[in-house]
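Q: These are the residues of each chain, in order.
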Amino acid sequence: MTIAPKIELSGVTKSFDEKHVLRGVDFSVGTRESVVIIGGSGTGKSVMLKCILGLMRPDSGSIKVDGQETSKLRGSALDAHQAKFGMLFQGSALFDSLPVWRNVAFKLVQAQGVPPKEAKERAIATLASVGLAPDIADLYPSELSGGMQKRVALARAIASKPEIIFFDEPTTGLDPIMSDVINELIVKCVREVGATALSITHDMASARKISDRIAMIHEGRIVWQGKTQDIDHSGNPYVDQFIHGRAEGPIKMQVRKL
Amino acid sequence: MNPLALIGRTCIEFLLAVGHLARFAIRAVRHCFVPPFYLRQIARQFIDIGYYSLPVVGLTTLFTGMVLALQSHTGFARFDAESAIPTVVILSITRELGPVMAGLMVAGRIGAAIAAELGTMRVTEQIDALTTLSTNPFKYLIAPRLIAGTLILPVLVLVGDIVGVFGGFLVCVYDLKFNAANYISQSWQYLEHRDVASGLWKAAVFGFIITMMGCYHGFNSKGGAQGVGKATTNAVVSASILILVFNYVLTGLFFAGK
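Chains as they are written, first to last, in this note's numbering: chain A, 25 to 282; chain B, 371 to 628.
Next comes chain B alone, as it looks inside the complex (with noise of 0.2 Å):
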C-alpha cells in the first residue's frame, strides 16, 4: 500500500476513535447526574471496586514503601544523608508511588473486569434487554461503575499512602535500625497538605480513567468471545497508558513554576 495513504488512514482512524470516545464520555458522565440513580449499584461497585481491591493495594504500596527506604538508604548512606529517608519515603509514596501504583493495579483488576463483563452482555444482548426492559444501561451499568471508581480511587490511595509509609518504616526501624520515634516525626517534618492531595486528586481522574476505559471497550465490543477478549485487553493498556500520561499532566499542573 502507498505509505502516505497508511499515514493518513492511520490518523483518520485516531481521530475517528477519538472523536467515538469523546461523544461516549460525554454522555456517560451526562448520565451519572440525571435521575433516576440505581442505588444498589452503585453500592455493589463501591464494594467491587473499593473493598476488594485493599489487598491488592495494601500489598503493591506495601512492598513499593519498602523497597524505597532500601533503595534510598543505599543512595543516601554514601554521603550520610540517612536522616532524609523518611522524607524521601513519604513524598515519594504521596504524590507519585502510591497513585500511579494503585491506579495500575485497580486498572488491571477492575478495567479489565468492567470490560468482560459489560463485554459478555453485549454479545449475549443482555445490553439491548436493558433496552426493553425500560432500563438505560448508561444509567444502570456505566454511570454506577463511573461514580463508584471516581469516588473510591482517593480512599484507596490514601489507604495505599499510609501503608506504604508503613513498609518504608518497617525497612527502617526493623532492617536498618532507625529510631521509630525520630522516623515518625521526620515523616512528618516535611509533608505539606497538598502532597497528599495532589496525590489524591490524581486518583480520582485515575478511577474515572479506568472505568471509563473498562466501559467504553466493553460495551462497544463485538464478535464473541474474541471481542471480549480484545475489549479486555484494550480496557487495560490504554487505562494503563492515560493514568501515565495524565500523571505527568497533572504533577506539571499542580506543581507549575515550584
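One chain only, chain A, in its complex shape (with noise of 0.2 Å):
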C-alpha cells in the first residue's frame, strides 16, 4: 500500500480467562478506505474494534493510529485517541433518557461545548443527511422504529465529523430494503465526512456494497484480506464457506460463546 496506514494492528491477541479469542492479529486499514471484516458469531470481531477503540487492552501486539502507540494509552492521551472515532453500534445504543437531537448533538454539546441551540442546529442537519425530517428531532428514541433509530445512531455518529468510523453489524434486525437504506447512507456519509471506515458483520450484501477491501477473521486471526470484487474467487475454503453460507466446510460451529 502506498499510502499510510491510518490503523495498523500487528500481533494483537486477547484472552479471557482461558478463551483466546484474539490470537495474533496483523491487519491494517488506509486512509479513507473502508474495509469490512467478515467473520462468524463469536470470531473476535467486536473484541478486535473495542480493543482498537481502547475501551479494551489486548494482552500484547501493537495497536498504532495514525503512527502512534496507542494499546497502552491513558488518561488525557486515551480521550484524546477516543475523539477521533465515531461509532454505529449494533443495537444502535442510543440514550433513551434523551431526545433524539440531544442524541445526535451530544458529542457537540458535552465534550466540545457548542451552545444548545445551535447544536440543535446541527442535529437537525445531520438529521437530514441521513433522511430524517426536523420534526423527530423532539420524539424520544423508543418512539421510532428500529430503521429510524439506526439512521438517528448513524446521524450520532457523523455528527462531529470523526477522522474514523466504526460500524458494528450495522444491518443486523433490519428488514433487506431498510438494510440496503442504510448501507447507501454509510457509504454516502462515511464520503462526505471523509472519514476512514472500519466495518464488522456477517451480512455479504452490506458487506459487497460499502466496502473497498474486505477482510476475514476466524478463530482470532485474519485468515484471508482482498479487494471486495475479488471476494468471489479468493480461492480460500474458509471465505468460500462463508459467503455462500454452507454448513460443512473448514468452519466449525462454535458451540459455547468464546
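Worth flagging that the hints you see were computed from the coordinates, not collected in a lab.
You can take every hint at face value.
The list that follows gives simulated cross-link-like pairs (lysine-lysine, BS3-like), each with its CA atoms no further than 27 Å apart: (1) B:Lys600 - A:Lys74; (2) A:Lys141 - B:Lys509; (3) A:Lys74 - B:Lys592.
Incomplete in silico selection of chain A near chain B, CB under 10 Å: (4) Leu77; (5) Leu79; (6) Asp103; (7) Gln106; (8) Ala107; (9) Phe109; (10) Gly110; (11) Phe113; (12) Ser116; (13) Ser121; (14) Gln136; (15) Ser184; (16) Pro186; (17) Phe190; (18) Asp192.
Just so it is clear, CB atoms sit at the ideal spot from N, CA and C, and this is done for glycine as well.
Now that you have both chains on their own, put them together as the hints suggest.
A: Structure follows, in C-alpha cells:
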C-alpha cells in the first residue's frame, strides 16, 4: 500500500481467562479506505474493534492509529485518541433518556461545549443528511422504529465529523430494503465526512456494498484479505464457505460462546 | 469437591471482589473532584434521589416515631416513667432510627433504580457509546450519583428526624393524652447537638454506600435481562447489609467511651 495506514494492528492478542479470542491479528486500514471484517459470531470481531477504540486493552501486540501506539494510552491521551472515533453500535445504543436531537448533538454539547441552540440546528442538519425530517428531533428514541433508530445512531456517529467511523453490524435486525437504505447512507456519509471506515458484519450484501476491501477473521486470526471484487474468487475455503453460507466446510460452528 | 479447596476458592473470590470494588470506588471518587462536572446531571440526581424520596422517607419515619412512642409507653407505664418517653423518642430517632430507616428505604428505592438503569445502559452498549462520544462514563453517570447521594441523604434524614419526632408527638398527645407543650419542652431538654449531628454524618455515609453499590453493580453487570436483575438484587442487598454494619461501626466511633 502506498498511503500510510490509518490503523495498523500487529500481533494483537486478547484472552478472557482460558479463552483466546484474538490470537495474533495483523491488519491495517488505509486513510479514507472502507474495510469490512467478516466472520462468524464469536470470532473476535467486536473484541478487535473495542481494542482499537481503547475500550479494552490487548494482552500483547501493537495497535497504531496515525502511527501512534495506542494500546497503552491513559488519561487525557486516551481521551484524545478516542475523540477521533465515531461508532454505530449494533443495537443503536441511543440514550433513551434524551430526545433524538440531544442524542445526535451529544458530543457537540457535552465534549465540545457548543451552545444548545446551535447544536440543535446542527443536529437537525445531520438528521436531514440521513433522510430524517426535523420534526423527529424532539421525539424520544423509544418512539422510533428500528430502522429510524439506526439512522439516528448513524447521524450521531457522524455529527462530530470523526476521522474514523466504526460500524458494528449496521444492518443486523433490519429488513432487506431498510438494510440497503442504511448501506447507501453509510457509503454517502463516509464519503461526505471523508472518514476512514471499519465495519464488522456477517451480512454479505452489506459487506459488498460498503467496502473497498474485505478481511475475514476466523478463530482470532485474519485468514484472508483482499479487494471486494476479488471475494468471489478468493480461493480460500473459509471465505468460500462463509459467503455461500454452507454448513459444511473448514469452519466448525462454535456452540459455546467465546 | 474437596472442602478445603472450596474454602480457599471462596476466600480468593471474596478478596478479588473486595479489591475490584475498592479500585472502582477510588476511581469513582477521584472523578467526583476532577472537572469537567456535568451540572445538569448532578441537578437531576439531586431531584431523583432527594426530592422524590421524601414521601417514602417521611412515611417510614412517621410510623417509626409513632410505634416507638406506643411501645415505650407500654414499657415505661409499668414503672411510672412516662415522662421519659419524649426523650426516648427523639434520641432513638435522631441517633439510630432516622438514618437507618431512611437509609434502608432509599437503598431499596435508589440503589435498585441506579443498578437497573446503569445495568441496562451497559448491556445495550450505551456506556460504550458514551466513551465513543468523548464523555467519560465515570464523570457523566457515576460521579453525579455519588455526589448527589452523599450530600442529599443528610437533608432527607433531617426531614425524617422531624417527621419521626412529630409521629411520637401525635401518638402521645392525641392517643396517650400528654400535654403538648410539655412534650415539646421535654423533647428538647436532654437533646444534645451531637445526637443529631452523628445521625446526619451516618446519613452521608449511607448515601455514599447506596449510590456506590448501585453504580458498582449496575456498571459491571453483564448478560442481558437476567444480569440486570442480578445486579439490582446485589445492589440492594449489599447496600442494606453495609448500612447496618457501618451503622454499628460509626456508632462505636462517635460515642466511644461515652
